[in-house]
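Visitor: Put chain E on the given structure of chain U with help from the hints.
Residue numbers (this note's numbering), protein chains in the order written: chain U, 936 to 1046; chain E, 662 to 776.
These are calculated hints, taken from the structure and not from any lab test.
Treat the hints with care, as some may be off.
Computed Cβ-Cβ distance ranges for the label pairs, DEER-style [unchecked claim]: (1) Gly975(U) <-> His746(E): 18 to 28 Å; (2) Val664(E) <-> Glu950(U): 23 to 33 Å; (3) Pro974(U) <-> Thr678(E): 24 to 34 Å; (4) Ala1013(U) <-> Ser744(E): 46 to 56 Å; (5) Leu687(E) <-> Pro1016(U): 25 to 35 Å; (6) Ser676(E) <-> Val985(U): 41 to 51 Å; (7) Ala1013(U) <-> Gly714(E): 46 to 56 Å.
Below, simulated EDC-like cross-link-like pairs (lysine to aspartate or glutamate); rule was C-alpha separation at most 20 Å, straight line [stated by the list, open to error]: (8) Lys1033(U) <-> Glu720(E); (9) Lys702(E) <-> Glu976(U); (10) Lys725(E) <-> Glu748(E); (11) Lys1033(U) <-> Glu713(E); (12) Lys702(E) <-> Glu973(U); (13) Lys702(E) <-> Asp1018(U); (14) Lys681(E) <-> Glu976(U); (15) Lys940(U) <-> Asp1006(U); (16) Lys994(U) <-> Asp1018(U); (17) Lys727(E) <-> Glu683(E); (18) Lys991(U) <-> Asp1006(U); (19) Lys716(E) <-> Glu683(E); (20) Lys1033(U) <-> Glu724(E).
Using N, Cα and C, we set each Cβ at its ideal position, and we do this for glycine too.
Below are the chains, spelled out letter by letter.
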Amino acid sequence: TQLLKQSPQFLSIQEGENLTVYCNSSSVFSSLQWYRQEPGEGPVLLVTVVTGGEVKKLKRLTFQFGDARKDSSLHITAAQPGDTGLYLCADGRGGAQKLVFGQGTRLTINP
Amino acid sequence: GAVVSQHPSRVICKSGTSVKIECRSLDFQATTMFWYRQFPKQSLMLMATSNEGSKATYEQGVEKDKFLINHASLTLSTLTVTSAHPEDSSFYICSVSSGGGETQYFGPGTRLLVL
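With the rest of the complex left out, here is chain U (with noise of 0.2 Å):
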């Protein structure tokens, strides 16, 4: 069974800060998303990574997906408060279509 660790499960920062947080697989991703998600409403696609070595940006965040595509990070420049939310990482195994998916980070952004 895959297991998907994300780290940290906690975070909170000033706003105007950068951060990473991290997502590791114990078997190499089909495809990795990440996904965030708000209180009371159900999680929201940023991006999908295929190719090891990948990196993709999306505004102030930067997404890389490690070479040999069991780990991947997510980096944001400058936090703004809009950016609080839980942060999942998911693995869509082929052929059943399922998502398997990280225990999250949590991410709080103070003003």
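Guide: Using the frame of chain U, we list chain E on its own:
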């Protein structure tokens, strides 16, 4: 991406009653929908895969007779929590899968509170 709605957004019911939650794909014909459960401060746990026109596939440990899933059309799947108990209180989220791909688009969730 696909637009997914859920109804109701929140529901409070008495222990022993049944509750139906609807998941609609508003702009996309979804042959496959997924139902997740999320307890407070925890991640999403897949409960079942809902297949249009056939029986749902349940994950290990999920009681199929307690969580009834009906996927009668390409735009609607329903989850019925039968004989609900307080431990069933949770945030229930559905998703639809993009055609042939692994990307899922999530509904806004339904918060169930069983008294």
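Visitor: All hints are to be evaluated individually against the structure, with a verdict given for each.
Guide: Now for the hints, and whether the structure bears them out:
1. Gly975(U) <-> His746(E): 18 to 28 Å: holds (23 Å)
2. Val664(E) <-> Glu950(U): 23 to 33 Å: Given a distance of about 31 Å, which is inside 23 to 33 Å, the answer is holds.
3. Pro974(U) <-> Thr678(E): 24 to 34 Å: Since proline 974(U) and threonine 678(E) have Cβ atoms about 26 Å apart, the given range 24 to 34 Å holds.
4. Ala1013(U) <-> Ser744(E): 46 to 56 Å: Given range 46 to 56 Å: holds, Cβ gap about 51 Å.
5. Leu687(E) <-> Pro1016(U): 25 to 35 Å: holds (30 Å)
6. Ser676(E) <-> Val985(U): 41 to 51 Å: holds (46 Å)
7. Ala1013(U) <-> Gly714(E): 46 to 56 Å: holds (49 Å)
8. Lys1033(U) <-> Glu720(E): Judged against 20 Å, a Cα distance of about 11 Å means the pair holds.
9. Lys702(E) <-> Glu976(U): holds (13 Å)
10. Lys725(E) <-> Glu748(E): This hinted pair holds, its Cα atoms lying about 16 Å apart.
11. Lys1033(U) <-> Glu713(E): holds (16 Å)
12. Lys702(E) <-> Glu973(U): Roughly 12 Å separates the two Cα atoms, so the pair holds.
13. Lys702(E) <-> Asp1018(U): Answer holds: lysine 702(E) to aspartate 1018(U) is near 18 Å, not above 20 Å.
14. Lys681(E) <-> Glu976(U): Satisfied, since the Cα-Cα distance of roughly 19 Å is no more than 20 Å.
15. Lys940(U) <-> Asp1006(U): holds (9 Å)
16. Lys994(U) <-> Asp1018(U): holds (12 Å)
17. Lys727(E) <-> Glu683(E): Holds, at about 16 Å.
18. Lys991(U) <-> Asp1006(U): holds (14 Å)
19. Lys716(E) <-> Glu683(E): holds (17 Å)
20. Lys1033(U) <-> Glu724(E): holds (19 Å)
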